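Visitor: If you want the building blocks of each chain, they are given just below.
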Amino acid sequence: MENYTLTIGWLYPDLMSTYGDRGNVITLQKRCEWRGISIKILPITPETTNHELSTINLLFGGGSQDREQEIVMRDLKSKSDSIHKLIEHNIPSLFVCGSPQLMGKFYEPSEGKRIEGLGIFDMETRHPGPTDDRLIGNVVAKVNWENLQLESSQLKVKSSLIVGFENHGGRTTLGLNAKPFATVIVGNGNNGEDKTEGVVYKNAIGCYFHGPLLPKNPHIADFLISKALEVKYEKSIELSPLDDSLEIQAHNSIVKKLGVRI
Amino acid sequence: MKSLSSLLAGKFTNAVIKEFNLGSGSTWPGHVALKVNPQFLKDFLKNKKLNIVLVVGTNGKTTTSKLLRHILEENGHRVFQNEEGANLVNGITTSIIRNTNKLGRISYDTAIFEVDENNLPHILKQITPTAIVFLNLFRDQLDRYGEVHTIAQKWKKALVTLPKSTTIILNADDPEIRYLEKNIEGKTYYFSIPDTYFSKKEITHDTDSTHCPECGTKLRFSKIAYSHLGKYTCTKCGFTNETIKEKIDTFVPTVLSGTYNIYNLQAAIKTAQEIFDLPIEKIHTSLQTFTPAFGRQELIEYKKRNILMLLSKNPAGFNQSLSVIADKDKKSTVLLALNDRIPDGRDVSWIWDVDTDELITNASRIIITGDRAYDMGLRIKYSFADQSSKFTDAVIIKEKTNDAINELIKNTKDGETVYILPTYSAMLELRKILTGKEIL
Numbered sequence: 001m002e003n004y005t006l007t008i009g010w011l012y013p014d015l016m017s018t019y020g021d022r023g024n025v026i027t028l029q030k031r032c033e034w035r036g037i038s039i040k041i042l043p044i045t046p047e048t049t050n051h052e053l054s055t056i057n058l059l060f061g062g063g064s065q066d067r068e069q070e071i072v073m074r075d076l077k078s079k080s081d082s083i084h085k086l087i088e089h090n091i092p093s094l095f096v097c098g099s100p101q102l103m104g105k106f107y108e109p110s111e112g113k114r115i116e117g118l119g120i121f122d123m124e125t126r127h128p129g130p131t132d133d134r135l136i137g138n139v140v141a142k143v144n145w146e147n148l149q150l151e152s153s154q155l156k157v158k159s160s161l162i163v164g165f166e167n168h169g170g171r172t173t174l175g176l177n178a179k180p181f182a183t184v185i186v187g188n189g190n191n192g193e194d195k196t197e198g199v200v201y202k203n204a205i206g207c208y209f210h211g212p213l214l215p216k217n218p219h220i221a222d223f224l225i226s227k228a229l230e231v232k233y234e235k236s237i238e239l240s241p242l243d244d245s246l247e248i249q250a251h252n253s254i255v256k257k258l259g260v261r262i
Numbered sequence: 001m002k003s004l005s006s007l008l009a010g011k012f013t014n015a016v017i018k019e020f021n022l023g024s025g026s027t028w029p030g031h032v033a034l035k036v037n038p039q040f041l042k043d044f045l046k047n048k049k050l051n052i053v054l055v056v057g058t059n060g061k062t063t064t065s066k067l068l069r070h071i072l073e074e075n076g077h078r079v080f081q082n083e084e085g086a087n088l089v090n091g092i093t094t095s096i097i098r099n100t101n102k103l104g105r106i107s108y109d110t111a112i113f114e115v116d117e118n119n120l121p122h123i124l125k126q127i128t129p130t131a132i133v134f135l136n137l138f139r140d141q142l143d144r145y146g147e148v149h150t151i152a153q154k155w156k157k158a159l160v161t162l163p164k165s166t167t168i169i170l171n172a173d174d175p176e177i178r179y180l181e182k183n184i185e186g187k188t189y190y191f192s193i194p195d196t197y198f199s200k201k202e203i204t205h206d207t208d209s210t211h212c213p214e215c216g217t218k219l220r221f222s223k224i225a226y227s228h229l230g231k232y233t234c235t236k237c238g239f240t241n242e243t244i245k246e247k248i249d250t251f252v253p254t255v256l257s258g259t260y261n262i263y264n265l266q267a268a269i270k271t272a273q274e275i276f277d278l279p280i281e282k283i284h285t286s287l288q289t290f291t292p293a294f295g296r297q298e299l300i301e302y303k304k305r306n307i308l309m310l311l312s313k314n315p316a317g318f319n320q321s322l323s324v325i326a327d328k329d330k331k332s333t334v335l336l337a338l339n340d341r342i343p344d345g346r347d348v349s350w351i352w353d354v355d356t357d358e359l360i361t362n363a364s365r366i367i368i369t370g371d372r373a374y375d376m377g378l379r380i381k382y383s384f385a386d387q388s389s390k391f392t393d394a395v396i397i398k399e400k401t402n403d404a405i406n407e408l409i410k411n412t413k414d415g416e417t418v419y420i421l422p423t424y425s426a427m428l429e430l431r432k433i434l435t436g437k438e439i440l
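Note that the protein sequences, when read in sequence, are chains A and B.
The first sequence: position 45 = 45 (this note's numbering), numbered continuously.
The second sequence: position 277 = 277 (this note's numbering), numbered continuously.
By construction, these hints were calculated from the structure, which means they are not laboratory data.
No experiment lies behind these values; they were computed from the predicted model shown.
Among the clues, some could well be false.
[Stated by the list, open to error] Keeping only pairs whose Cα atoms sit at most 25 angstroms apart, straight-line, the calculated DMTMM-like set for lysine to aspartate or glutamate is:
#	chain 1	residue 1	chain 2	residue 2
1	A	Lys256	B	Asp371
2	B	Lys154	A	Asp243
3	A	Lys257	B	Asp371
4	B	Lys400	A	Asp243
5	A	Lys40	B	Asp414
6	B	Lys164	B	Glu274
7	B	Lys218	A	Glu47
8	A	Lys256	B	Glu274
9	B	Lys236	A	Asp132
10	B	Lys223	A	Asp133
11	A	Lys257	B	Glu429
12	B	Lys390	A	Glu2
13	B	Lys231	A	Asp14
14	B	Lys156	A	Asp132
15	B	Lys304	B	Glu416
16	B	Lys182	A	Glu47
[As the list claims (entries may be wrong)] With the C-beta cut set under 10 angstroms, the calculated list includes, among others, these residues of chain B facing chain A:
#	residue
17	Val148
18	His211
19	Asp347
Ideal Cβ positions, reconstructed from N, Cα and C, are used throughout, including at glycine.
This is chain B alone, in the form it adopts within the complex (with noise of 0.2 angstroms):
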């Protein structure tokens, strides 16, 4: 009884909020439903059929929860999710009342929810999964999460509260991840990429796990995917990842690009094997209709220019977006956007552990704007061999977003793709300039 009170305090301020626009949509009536009841999840979760998967991880979360959700749809499945962003324990809350009737019925079959790094123990506490995907673990705004070792420590302790009941589908090429296992009682399933992804010679710089999370001695790498993901054994104690043994499926849909996003569809595929227990043959069918999630390799038609957005918040992650442009086009044009508010982290120094190698020799023309536009700049002049003026020829700084994207149709022609690398709130800047739309 306590729940459905809970639930219709939650569907009044949804109400509420909707009909006067107050913003803040996605998180107030998770907030007030807990409000009024703390153990609100928990007691409402209490005896329904809904099969609930936890997605967690530095990078991929939104792409590999929409490929689930897409492939689960075209296979009948009725599945809701929690919204962008909306990751923390009330945005999952909201989510759930948002997608309950006022008698407290669910007409989803499947519940996916994004889960942010620190939230998760958290969540754990309200909500038994059927089971979490783990993706990979990278240094990613260091101003809110804190290291990453400290968030490998959390989970682990929340990892062995967990029932049988819910299994584990980890990323065997992150050694950190890989190690998770040793906290979990449920089935454990693992996920690795085609051998020919396996592409990089030496460790990069943008690497975090390169110790062996057993013992601490460093980590001997057979093959590296990028950044620390890769086939790996620790020559003291003997933990590696060689052993693993499990079937790598070589099927990519066309819009995807980037190793990154093949981690991204694997986990995607092995979950809706070993939970949804689908066949292979029709995951690759739904597949053929998967579009992009917003801002992640998404392509935006805007004055007659191609526009490819990467997201790209963190070293890793904006690594990968350059090795796609790199295997796309030799002679691209780029905008960097580089914020600094809340959703992107405060603190920008993470570009200094970027490769922009790649992007100074590929890149004819780079446009750089945002908060800390002059910070990128430098990252990009202290890229350069020699202050000559190929820096002056090849970057242009516009702190204003409209100004960096006047330059951007300026220096290309009809018909050209372009490629955009910003942060989160960047990316939603630009998103509603090139779309005339805002998302949130």
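Isolated chain A, as found in the complex (with noise of 0.2 angstroms):
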């Protein structure tokens, strides 16, 4: 496949990459190099113009403390457009941890003004208050492969199931145009109570797994280079396979560690 290039825009390393988050970019980079597609990484910076956001074909962002989530949101606003114009497009995006409740309408801390959101999905997220538990441990869930626009079969990795490890304090409603992700089998997913997990906007992906979702869900890191390169060269691209051995068992031993029946 040498001569596809992408180009990963990532929202600001620096500020927004709590606790593993890399993994996503570094998975997303070696499945694509193995394959022989060149990569860019475009970290997204204060200093980024619009004109550089406008070139990037797959788009991630990871969590943030809340000092740094400050910083992210002042500047974020500058790039709104820039953001939604990709989303729009149907550029695959891929946000966890604290990043989709950027991407949402608002999030409410426990304390302290309500935060705007970009308002890229329909989704509305609360802070129960400082007395309440986080939400925390590991996560299997059924990914709602319908709300992707992509047939599972279409995918080298065969598995409906996603699994991960979320350690939140907000909670998560979908709005009525928002679709969930994944549906939770174990774990709490966005608000511990619907089941729902994540949320999906055209190929755009929320997720409250934090730190490294993909390296372990290789068939969603393989759906957003499939979709990706299918929005930059206007045709589907099917990908040359990859031997997944070691990242099946490491999927399937926390499926078996959580009781889930594969």
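With the hints as a guide, bring the two chains together.
Guide: As structure tokens, then:
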């Protein structure tokens, strides 16, 4: 696949990389490079121009600590139009950990003012208060492939599940125009109540799993790469197969650990 | 009187636990004493002539405490410590109960307590220490400790309540630690490391405090030791450590390597000098007989291999262990052991913040084990440039610890030095097999 190149935009690597988030970028990069697809990583910083943003073929955002989130949000406002444009143009995107909250309608912290998001996802997040428990632990969920406009049969790695670790204080409710990314089997998901996990809009995925979602879920990584190629080259491009035996072992070991039958 | 009945209740519990071999002995006596009198520590320590030194920070607590204890004992002090891992209020109380006789007398002049990051504020409500040593603050077990700034905030609030008599010893090179000075009434000392150890050119990925704690601007680093430890200045508000001038000692005992241990050493030396008034020559002499704490650069001989155990439980610590190996051995055999039990943190995401490039260039064989062996396997796999046979040739994954140790022996020769990088619970498990003894 030597003739293909992709640019991955990474939202504020300095400020939004709380706990292993870069595992996602490494996974996307390696799975492209192993297939001969050239990768350019564009770190998005306050200095990044709107023109540079328009060259992005795949967008990623991780989590941030509270203080950094304020700095991020101030700058992100000035880039809102460009990011909306990317998403509307079907650019595949992955937001994990705290970043989906920034892409939703708003986030209400336990103390202090409501933080307005970019409004890409129709969802609202509220922190129930400092005395309420954070939702922490391993998670297994079933992917809603129908919401992702992709037949799972197109993927090389066959699993309808995703595994990961969640750690969030905020509770998210999806609006009528939002579709959940997955349905929780073990764990809490968006709010600990309605079994939804994450959100999907066009090719953008928001997910509460924090840190490295993609290494143990290579099918999600390949979905993002496939879509990035399809949008950029305006045709369906089949990904060459990789040896994913270790990825599958890692994925299955968590599924088994949580007592879910494969 | 109330504190004496608490003490006796605690001592009784201690005796029962010992007699019947009940386990959890390092925290239960304290728990019972505090049930009888919640103010036990406060009441009991009143009018006692005991120097109390608290050691706080993400990495290096055990080594720094052991260094300080060794220096002090070699110079005639009588010192006791809390047991490994018993670093909450219960554990510290237990430690005091065990080292006190039935009449309420303590035959020691100094206590050194390692304190859990989250628990420092609780402990300061009960204990007014002679000194507190602040080592560093790195991302560690986010699921348990929360964010780095949240911890720093809690510390700041607690420090305001301390009297002038408590002396504070701060790592000048960690911006968030240096910033604690603002909240301190008592005397403050700083430690740093000799110039030659600032060898990193760029800020690595395992950092947390690269922005000014005062105004939020990105700090400019002129020198970097590792992670976010270095010489820094805020170009906006002027917050800096470049102006701190304290004498730095260059002596290093041969059993310690790695920049992180130079910080631990400097912290212990500074405390011995300033709090215990010991002359530097006496400190040097005493350090010549120092041996590392278990699992921290501890050398274990097993089946004719020299095994160097380098506890590696978070990105900053793991990266430092890899630097130690790279300095010593360009064709190393390395065992990585990753568990996700409560003492390790349930979340293993942090392994993706470790920089593994040096490891895959220098190691000729990497053996991986632990509850989360496959996660670590992926971390290593995704360090290789291509999906060639290099990964499968270099890496062996064995979920069971025993199988991994067998591989380690099979792949090395008599007299060879091998390196083990375990998380906490994995270290205990490996050590049990390698030494044939349990620690706790």
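Visitor: Compare the structure with each hint and give your call.
Guide: Checked hints:
no., hint, result
1, Lys256(A) to Asp371(B), "12 angstroms, holds"
2, Lys154(B) to Asp243(A), "47 angstroms, violated"
3, Lys257(A) to Asp371(B), "10 angstroms, holds"
4, Lys400(B) to Asp243(A), "24 angstroms, holds"
5, Lys40(A) to Asp414(B), "46 angstroms, violated"
6, Lys164(B) to Glu274(B), "15 angstroms, holds"
7, Lys218(B) to Glu47(A), "13 angstroms, holds"
8, Lys256(A) to Glu274(B), "55 angstroms, violated"
9, Lys236(B) to Asp132(A), "38 angstroms, violated"
10, Lys223(B) to Asp133(A), "41 angstroms, violated"
11, Lys257(A) to Glu429(B), "20 angstroms, holds"
12, Lys390(B) to Glu2(A), "21 angstroms, holds"
13, Lys231(B) to Asp14(A), "19 angstroms, holds"
14, Lys156(B) to Asp132(A), "24 angstroms, holds"
15, Lys304(B) to Glu416(B), "8 angstroms, holds"
16, Lys182(B) to Glu47(A), "32 angstroms, violated"
17, Val148, "7 angstroms, holds"
18, His211, "7 angstroms, holds"
19, Asp347, "5 angstroms, holds"
In the structure shown, a violation is registered for the earlier hints numbered 2, 5, 8, 9, 10 and 16, in ascending order.
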